[in-house]
Amino acid sequence: MTMQNANTPLSFETVQEMSAAYDAVRSRIGLTDISDWAKLKVTGYDAREFLDRVLTGNMQQLGENEILHTMALDADGNFLTDIQVLGGFEDFILLTPADRADALAAAIKPDADEEVEVVDLGRDYCLIRVDGPESADLPMAILGGAVAGMRIMAFAEADLGDATVTVGRIGTTGEYGYFFLTDASSRDTLLAAIRAEAPDVVDCTADLHRLLQLETRGFNASADRPGGEHPLEAGLHWMVDFQKPEFVGKDGFFARAKEAPHHMVCIALDETRVVPETKTQILDGDGNDVGYVANAAWSPTLETSICLAYLKRDMAAVGLPVSIAGQSGRVVSAPFFITKSNSAR
Amino acid sequence: MQQTVLALVSERKKLVSTIKDLVIENLELDLEPHQVDEDCPLFGVGLALDSIDALQLVLSVEREFDMTVPTDDVTIFRSINTIADFIERSKD
Chain A
1 MTMQNANTPL SFETVQEMSA AYDAVRSRIG LTDISDWAKL KVTGYDAREF LDRVLTGNMQ
61 QLGENEILHT MALDADGNFL TDIQVLGGFE DFILLTPADR ADALAAAIKP DADEEVEVVD
121 LGRDYCLIRV DGPESADLPM AILGGAVAGM RIMAFAEADL GDATVTVGRI GTTGEYGYFF
181 LTDASSRDTL LAAIRAEAPD VVDCTADLHR LLQLETRGFN ASADRPGGEH PLEAGLHWMV
241 DFQKPEFVGK DGFFARAKEA PHHMVCIALD ETRVVPETKT QILDGDGNDV GYVANAAWSP
301 TLETSICLAY LKRDMAAVGL PVSIAGQSGR VVSAPFFITK SNSAR
Chain E
1 MQQTVLALVS ERKKLVSTIK DLVIENLELD LEPHQVDEDC PLFGVGLALD SIDALQLVLS
61 VEREFDMTVP TDDVTIFRSI NTIADFIERS KD
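From first to last, the protein sequence lines are chains A and E.
Just so you know, UniProt numbering puts 210 at position 210 of the first sequence, and the rest follows in order with no gaps.
Just so you know, UniProt numbering puts 15 at position 15 of the second sequence, and the rest follows in order with no gaps.
So here's chain A without its partners, still in its complex pose:
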């Protein structure tokens, strides 16, 4: 069950191989070890001000025990990586997928006169995520009332034996999804506790998450910007505080946004198992070129192929009929899948 690379569409055969894990996440619970993610701890008197300077989101409004999904740019305003920031008083944890570790390290470099310490938690910490409807009760079952009733984009700490575990609710694959962060020496204890409470939990891989996130239109930096498209073409407005006076790369970022010709949309094809490849041309009803495919897969829940695509801005609207490699489809509203009602669009 390996993907050739992040831009290779999931084939039907691959989805078949993944079906047990997919079914588990969509109807019960799946577990994924994402310990290879980059994990930085940023502390110090100037930590909040520093992160506010280098990230596009508003760190001043990030409360303790809240999670902010935002991004970092280079000095010219080019996208570096998206980041989950766990907020504290003067201490913050930054998480980003493994393939963006170098980008995260490049972004999180305080100046010499800033009172900020950056510690790479790297291999010293493990990161386990559980996704699916039955994950909702898991944090409280293994960690107790301190983590009860957790809102989405919030986190808490609790003890598990001798270990301290940080548990957060992110839900990037659906309504219910949690991560557990603890020191690597407590990994086996954590996994044992999870499996004791959820004996039917199915092991998943990071590959599967690409499909799950596509269905919920969660952002996947590796797959959703095949041509390095502008983050605002990709609809990531919500990661940016437009009112912030300054952040690294701001001028270049907004200057390029004005010139960006495309807008990301969701397209559902009409009952096909043919998965269009990345960059496949998209035509309108008259055969005019209106855009291209970014990230596509066959959706077991919808029983058809779905894709994120970049359409010319003036044509990007729900309801637009399109043709992709001879297959008909239309632009639909995000997401393709909503966990809470367990229904597909």
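If you're looking for bench data, these hints aren't it; they were derived computationally from the structure.
These numbers come from a predicted model, not from an experiment.
Be aware that one or more of the hints could be misleading.
To be verified - Straight-line Cα separation of at most 20 Å, EDC-like style, residue types lysine to aspartate or glutamate; simulated pairs: (1) A:250 with E:88; (2) A:41 with A:64; (3) A:41 with A:134; (4) E:14 with E:73; (5) A:258 with E:32; (6) E:14 with A:74; (7) A:250 with A:115; (8) A:244 with E:28; (9) E:91 with E:64; (10) E:13 with A:314; (11) A:244 with E:32; (12) A:312 with A:259; (13) A:250 with E:32; (14) A:244 with E:64; (15) A:312 with E:11; (16) A:250 with A:52.
Given the coordinates of chain A, assemble chain E onto it according to the supplied hints.
Positioned in the frame of chain A, the structure of chain E alone reads:
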């Protein structure tokens, strides 16, 4: 064909624009319409609106479009686009 499609696109964009204005004005968001993506989640991740905002939003849509919004369908207020879908369905 092309004229029909262009009309469809134009009508949808107009509806989306109206809903964006409605959301921003009624919830007093410090945003311009072009700073809100129409597929952006309104609650949780995304604009991070809360339950009070939700109630205000329901009342605003009912008033603006002269319709009744069911309160048991969690999918309607997922995004600007899903609100537009609901309004279009209600017109049919």
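For each hint, the structure was consulted:
1. Distance check on the hinted pair: residue 250 of chain A and residue 88 of chain E sit about 37 Å apart at the alpha-carbon level, beyond 20 Å; violated.
2. Proposed proximity of residue 41 of chain A and residue 64 of chain A is supported: the alpha carbons are some 15 Å apart, at most 20 Å.
3. Taking the CA atoms of residue 41 of chain A and residue 134 of chain A, the gap is near 30 Å; set against the 20 Å cutoff, the hint is violated.
4. Among the hinted pairs, residue 14 of chain E with residue 73 of chain E is inconsistent with the structure: their alpha-carbon atoms are about 24 Å apart, more than 20 Å.
5. Restraint check for residue 258 of chain A and residue 32 of chain E: satisfied, since their Cα atoms lie roughly 14 Å apart, inside the 20 Å limit.
6. Simply put, residue 14 of chain E and residue 74 of chain A have alpha-carbon atoms about 35 Å apart, too far for the 20 Å limit, and the pair is violated.
7. Distance hint between residue 250 of chain A and residue 115 of chain A is unfulfilled; the C-alpha atoms sit about 23 Å from each other, more than 20 Å.
8. Between residue 244 of chain A and residue 28 of chain E the alpha-carbon distance is near 17 Å, which keeps this suggested pair within the 20 Å criterion.
9. Proximity of residue 91 of chain E to residue 64 of chain E is assessed by CA-CA distance (about 14 Å); at most 20 Å being required, the pair is judged to hold.
10. About 9 Å separates the Cα atoms of residue 13 of chain E and residue 314 of chain A, which keeps this hinted pair within 20 Å; it holds.
11. A hinted pair counts as satisfied when its Cα atoms are at most 20 Å apart, and residue 244 of chain A with residue 32 of chain E qualifies at roughly 14 Å.
12. Using a Cα cut-off of 20 Å, the hinted pair residue 312 of chain A and residue 259 of chain A holds, with the two alpha carbons roughly 12 Å apart.
13. A distance of roughly 17 Å separates the Cα atoms of residue 250 of chain A and residue 32 of chain E; the hinted pair therefore holds under the 20 Å criterion.
14. Distance check on the hinted pair: residue 244 of chain A and residue 64 of chain E sit about 32 Å apart at the alpha-carbon level, beyond 20 Å; violated.
15. For the proposed pair residue 312 of chain A and residue 11 of chain E, the alpha carbon gap of about 17 Å is at most 20 Å, so the pair holds.
16. Restraint check for residue 250 of chain A and residue 52 of chain A: the C-alpha separation of about 12 Å stays at or below 20 Å, so the hint holds.
Violated hints, in rising order: 1, 3, 4, 6, 7 and 14; the structure is consistent with all others.
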